[in-house]
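Residue numbers (my numbering), protein chains in the order written: chain B, 1 to 471; chain F, 1 to 338.
Calculated directly from the structure, the hints in this document are not laboratory data.
It is possible that part of the hints are untrue.
[Unchecked claim] Short derived list, chain F residues pointing at chain B, Cβ under 7 Å: (1) Gly-66; (2) Leu-91; (3) Phe-245; (4) Thr-337.
[Said to hold, decoys possible] Calculated lysine-lysine pairs in the BS3-like style (CA-CA distance at most 30 Å, straight line): (5) B:Lys-440 <-> F:Lys-114; (6) F:Lys-328 <-> B:Lys-122; (7) B:Lys-214 <-> B:Lys-309; (8) F:Lys-109 <-> B:Lys-441; (9) B:Lys-206 <-> F:Lys-333; (10) B:Lys-206 <-> F:Lys-106; (11) F:Lys-106 <-> B:Lys-123; (12) B:Lys-215 <-> F:Lys-106; (13) B:Lys-441 <-> F:Lys-195; (14) B:Lys-440 <-> F:Lys-333; (15) B:Lys-440 <-> F:Lys-328; (16) B:Lys-206 <-> B:Lys-240; (17) B:Lys-207 <-> F:Lys-106; (18) B:Lys-440 <-> B:Lys-277; (19) B:Lys-441 <-> F:Lys-198.
[Stated by the list, open to error] What the simulated footprint calls covered on chain F by chain B, stretch by stretch (three residues with Cβ under 8 Å from a Cβ of chain B suffice, anywhere in the stretch; the number is not a length): (20) 50 to 59; (21) 74 to 84; (22) 189 to 202.
Bear in mind that the values here come from a model prediction, so they are computed numbers and not experimental data.
Using N, Cα and C, we set each Cβ at its ideal position, and we do this for glycine too.
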Amino acid sequence: MSELFLARFQFASTTLFHFIFVPMSIGLVFIVALMQTLYVVKKKEIYKKMAKFWGHLFLLNFAVGVVTGILQEFQFGMNWSDYSRFVGDVFGAPLAIEALLAFFLESTFIGLWIFGWDRLPKKIHLLCIWIVSIGTIFSAFWILVANSFMQEPVGFVIKNGRAEMNDFGALITNPQLWVEFPHVLFGALATGAFFIAGVSAYKMIKKQEVAFFKKSFQITMILALIAGLGVAFSGHDQAKHLMKAQPMKMAASEALWKDSGDPAAWTLFANIDTDKKENSAEINIPFALSYLAYSKFSGDVPGMLTLQKEYEAKFGPGDYIPPVKTTFWSFRIMVGAGMLMIFASMIGLYLSFRKKLETNKWFLRFMVGMIAFPFIANSAGWIMTEIGRQPWTVFGMMTTAQSISPNVSYGMLLFSVISFTTMYLILAILLAYLFIREIKKGAHSEEDKDQKDETDLSTDPFDGGAYHGIS
Amino acid sequence: MAYLNEIWFILVAVLFVGFFFLEGFDFGVGMSMQLLGKDAHERRILINTIGPFWDANEVWLITAGGAIFAAFPHWYATMFSGYYIPFAVLLLALIGRGVAFEFRGKVEKASWIKAWDWVIFFGSLLPPFLLGVLFTSILRGMPIDQDMNMYAGFTDFVNLYSVIGGLAVTVLCLLHGLIFVTLRTEGDLRDRARKLGKRVLLIVLPVLVLFVGVSIMETDIYTVRPIITIPLTVLIVVCYVAALFFMKKERDGWTFLFTGAGIMVTVTMLFTALFPRVMISSINHTFDLTIQNAASGSYSLTVMTIVAISLLPFVLGYQIWSYYVFRKRVSGKEPMTY
Numbered sequence: 001m002s003e004l005f006l007a008r009f010q011f012a013s014t015t016l017f018h019f020i021f022v023p024m025s026i027g028l029v030f031i032v033a034l035m036q037t038l039y040v041v042k043k044k045e046i047y048k049k050m051a052k053f054w055g056h057l058f059l060l061n062f063a064v065g066v067v068t069g070i071l072q073e074f075q076f077g078m079n080w081s082d083y084s085r086f087v088g089d090v091f092g093a094p095l096a097i098e099a100l101l102a103f104f105l106e107s108t109f110i111g112l113w114i115f116g117w118d119r120l121p122k123k124i125h126l127l128c129i130w131i132v133s134i135g136t137i138f139s140a141f142w143i144l145v146a147n148s149f150m151q152e153p154v155g156f157v158i159k160n161g162r163a164e165m166n167d168f169g170a171l172i173t174n175p176q177l178w179v180e181f182p183h184v185l186f187g188a189l190a191t192g193a194f195f196i197a198g199v200s201a202y203k204m205i206k207k208q209e210v211a212f213f214k215k216s217f218q219i220t221m222i223l224a225l226i227a228g229l230g231v232a233f234s235g236h237d238q239a240k241h242l243m244k245a246q247p248m249k250m251a252a253s254e255a256l257w258k259d260s261g262d263p264a265a266w267t268l269f270a271n272i273d274t275d276k277k278e279n280s281a282e283i284n285i286p287f288a289l290s291y292l293a294y295s296k297f298s299g300d301v302p303g304m305l306t307l308q309k310e311y312e313a314k315f316g317p318g319d320y321i322p323p324v325k326t327t328f329w330s331f332r333i334m335v336g337a338g339m340l341m342i343f344a345s346m347i348g349l350y351l352s353f354r355k356k357l358e359t360n361k362w363f364l365r366f367m368v369g370m371i372a373f374p375f376i377a378n379s380a381g382w383i384m385t386e387i388g389r390q391p392w393t394v395f396g397m398m399t400t401a402q403s404i405s406p407n408v409s410y411g412m413l414l415f416s417v418i419s420f421t422t423m424y425l426i427l428a429i430l431l432a433y434l435f436i437r438e439i440k441k442g443a444h445s446e447e448d449k450d451q452k453d454e455t456d457l458s459t460d461p462f463d464g465g466a467y468h469g470i471s
Numbered sequence: 001m002a003y004l005n006e007i008w009f010i011l012v013a014v015l016f017v018g019f020f021f022l023e024g025f026d027f028g029v030g031m032s033m034q035l036l037g038k039d040a041h042e043r044r045i046l047i048n049t050i051g052p053f054w055d056a057n058e059v060w061l062i063t064a065g066g067a068i069f070a071a072f073p074h075w076y077a078t079m080f081s082g083y084y085i086p087f088a089v090l091l092l093a094l095i096g097r098g099v100a101f102e103f104r105g106k107v108e109k110a111s112w113i114k115a116w117d118w119v120i121f122f123g124s125l126l127p128p129f130l131l132g133v134l135f136t137s138i139l140r141g142m143p144i145d146q147d148m149n150m151y152a153g154f155t156d157f158v159n160l161y162s163v164i165g166g167l168a169v170t171v172l173c174l175l176h177g178l179i180f181v182t183l184r185t186e187g188d189l190r191d192r193a194r195k196l197g198k199r200v201l202l203i204v205l206p207v208l209v210l211f212v213g214v215s216i217m218e219t220d221i222y223t224v225r226p227i228i229t230i231p232l233t234v235l236i237v238v239c240y241v242a243a244l245f246f247m248k249k250e251r252d253g254w255t256f257l258f259t260g261a262g263i264m265v266t267v268t269m270l271f272t273a274l275f276p277r278v279m280i281s282s283i284n285h286t287f288d289l290t291i292q293n294a295a296s297g298s299y300s301l302t303v304m305t306i307v308a309i310s311l312l313p314f315v316l317g318y319q320i321w322s323y324y325v326f327r328k329r330v331s332g333k334e335p336m337t338y
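All chains should be built: construct the whole structure from the sequences, respecting the hints.
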């Protein structure tokens with residue numbers, strides 16, 4: 001194992017671990033805010049109970065997301081100092097804006113929301129959770145501005161041997177950003193929706209608080225369908241854009257060694273031989289790749305060997321083909337999981353409409369299992385995006401091998417890799433334990449507190465008398 | 001725009017001053033868990049005094065990191081890779097501390113709660129110490145080569161000066177936190193916080209004298225810009241003497257103001273001594289990182305200045321509002337959130 005391997009392992013493990021919690025937080029807080037809006041508008045206690053119960057689970061998840069995010073921000077400097085020197089001028093700005101604009105909003109208003117149930121007037125308290133939701137979306141936006149620059153560098157000049165920003169507008173109108181951002185947001189919504197739906201399905205199977213969980217399930221099924229379709233359409237846009245911006249990633253995700261010919265077929269399965277640079281067996285769906293890449297049933301897609309020659313002419317000698325198997329299969333896992341999500345939400349809506357939901361045990365069990373699929377799709381999507389960009393960190397400008405910190409030794413890396421992965425493991429176990437505990441307890445444990453809340457509904461923060469609530 | 005690099009040095013300094021003032025007291029409250037809290041209930045009250053605030057306070061550090069990355073990429077790269085192990089430990093401490101607040105109250109088992117109380121204690125003790133070591137060793141100079149890479153050995157990080165620096169920052173935070181507790185609690189707990197605060201203050205004064213003494217020997221704090229740093233040092237001492245005065249009169253609000261001012265002036269003095277350098281090389285001063293050679297281009301700094309100037313007032317506004325909303329003391333007789 002080399003230093004480069006350890007640094008990459010650490011980046012991958014940190015990012016993948018962090019990105020379990022990020023989409024879940026973005027999705028859950030949005031749905032919790034919707035539930036609380038229903039409570040404020042319709043004034044029905046069940047919606048308040050929903051906001052509180054799902055809000056509890058959101059907070060557990062959010063805490064782990066926040067703390068792993070600090071590491072995410074500092075590890076560029078720790079492990080990738082030459083990268084940070086080269087792109088800091090451009091890449092640092094969105095990170096700083098993310099902290100100033102999004103992190104402050106989220107952290108302050110989450111505190112106000114958690115501790116403010118009995119302190120703030122209802123509408124102000126509702127506003128707090130919406131601000132947290134907006135904060136998480138801002139956060140996603142700015143970090144994707146930074147990531148999009150790595151996929152498709154824009155708005156800079158090379159000066160003094162490094163990239164210097166010369167057009168901030170170009171960074172935030174980066175075409176890559178505007179296909180990536182909606183895709184990530186819809187994915188996040190799907191993650192939150194399938195989590196709530198799966199937990200609700202579990203409680204319905206156990207016949208606990210069926211009315212409450214059925215209602216939660218129905219609300220999220222609509223969102224799940226919207227999210228699933230949104231993910232698919234924005235994903236298609238992204239594929240079309242990939243064709244123009246990073247054709248090598250496209251070719252690798254199709255395991256397409258030679259040019260496809262016109263029209264291009266989509267490969268469902270391939271037995272990839274990366275040494276011989278060919279596939280020994282393939283199952284193809286005619287026309288489908290042309291459609292994926294161009295939204296029409298004609299047009300050919302260049303293969304990796306052609307692109308390799310082009311890149312050699314452009315960037316000098318080197319291997320510009322990313323790990324093909326990983327890129328190919330992560331793409332198929334992502335698409336497969338996405339299709340399954342759309343399918344599941346359609347059945348869920350149909351059964352709710354027919355009022356057959358809680359009696360249909362096999363479907364409810366299936367929905368419990370579906371909790372995992374958005375997570376699988378999110379991770380596979382990022383693996384495809386980041387591995388498919390290799391050997392580059394900044395496409396066409398800087399390779400991963402050039403990005404590493406020269407002064408960080410093997411021993412230091414080993415220390416941090418071991419200690420951080422151990423920490424992630426502990427956090428994962430604790431969080432799973434706490435989730436299961438809270439879910440088993442159910443929403444009725446909120447009732448005692450709610451009854452207390454009934455007595456102090458007048459909560460004007462400027463009225464000293466209101467300050468007898470929870471602190 | 002002129003003086004962009006200077007503006008960004010000041011902004012980074014402001015973020016650290018804000019961070020040490022705000023997170024300073026919640027680190028102190030975290031440390032007081034084991035020094036002040038007699039039982040799980042008292043410790044719960046202590047956590048709830050900083051409950052709504054600690055997360056936003058920590059964002060000051062994250063924002064400072066982000067601002068350094070954007071405005072001074074070389075500073076960011078040199079410091080974070082150079083201080084690799086200290087940062088790794090700092091992050092582990094902050095991760096543990098952050099989840100501890102959320103996880104602690106979720107299981108009603110004595111051993112579970114006790115374990116998290118210790119995580120909060122060490123998670124609040126280590127960061128100020130490590131950051132103290134970081135800033136003082138930066139002032140003393142670290143082995144940075146002509147390519148701006150820092151190759152430091154154990155004694156570069158851990159030496160008499162940096163340990164005293166770490167200790168100084170830690171006790172300043174502890175004192176500040178105890179005074180915060182006097183503002184947010186009632187009765188016996190508040191009395192004991194005052195009493196312990198008095199004792200800690202009597203440690204703070206000699207530690208500060210020691211720190212100034214070693215600084216004179218080990219750094220150029222008092223030779224590079226004595227016209228500012230000497231008055232600031234006097235001001236620090238004035239702050240803590242004033243704190244002692246108000247503490248004796250049991251004027252907690254005033255005491256808090258002065259322990260806070262003490263921290264803010266201390267951080268300001270360190271940054272004043274550092275200016276215009278951001279990292280000092282112990283090998284050769286031509287290898288120093290400065291606000292010029294470590295900075296981003298003027299375009300990027302201009303954009304970031306506009307963004308920062310337009311956002312900071314809002315950030316300050318809603319943070320102050322959140323302290324206003326939660327101004328009532330935590331009595332422990334009513335249900336608590338954490």
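Tested hints:
{"no.": "1", "hint": "Gly-66", "result": "holds (4 Å)"}
{"no.": "2", "hint": "Leu-91", "result": "holds (5 Å)"}
{"no.": "3", "hint": "Phe-245", "result": "violated (31 Å)"}
{"no.": "4", "hint": "Thr-337", "result": "holds (5 Å)"}
{"no.": "5", "hint": "B:Lys-440 <-> F:Lys-114", "result": "holds (24 Å)"}
{"no.": "6", "hint": "F:Lys-328 <-> B:Lys-122", "result": "holds (19 Å)"}
{"no.": "7", "hint": "B:Lys-214 <-> B:Lys-309", "result": "violated (57 Å)"}
{"no.": "8", "hint": "F:Lys-109 <-> B:Lys-441", "result": "holds (16 Å)"}
{"no.": "9", "hint": "B:Lys-206 <-> F:Lys-333", "result": "violated (37 Å)"}
{"no.": "10", "hint": "B:Lys-206 <-> F:Lys-106", "result": "holds (23 Å)"}
{"no.": "11", "hint": "F:Lys-106 <-> B:Lys-123", "result": "holds (28 Å)"}
{"no.": "12", "hint": "B:Lys-215 <-> F:Lys-106", "result": "holds (26 Å)"}
{"no.": "13", "hint": "B:Lys-441 <-> F:Lys-195", "result": "violated (42 Å)"}
{"no.": "14", "hint": "B:Lys-440 <-> F:Lys-333", "result": "holds (29 Å)"}
{"no.": "15", "hint": "B:Lys-440 <-> F:Lys-328", "result": "violated (34 Å)"}
{"no.": "16", "hint": "B:Lys-206 <-> B:Lys-240", "result": "violated (45 Å)"}
{"no.": "17", "hint": "B:Lys-207 <-> F:Lys-106", "result": "holds (24 Å)"}
{"no.": "18", "hint": "B:Lys-440 <-> B:Lys-277", "result": "violated (52 Å)"}
{"no.": "19", "hint": "B:Lys-441 <-> F:Lys-198", "result": "violated (45 Å)"}
{"no.": "20", "hint": "50 to 59", "result": "holds (count 7)"}
{"no.": "21", "hint": "74 to 84", "result": "holds (count 9)"}
{"no.": "22", "hint": "189 to 202", "result": "violated (count 0)"}
Hint violations for this structure: numbers 3, 7, 9, 13, 15, 16, 18, 19 and 22, all remaining hints satisfied.
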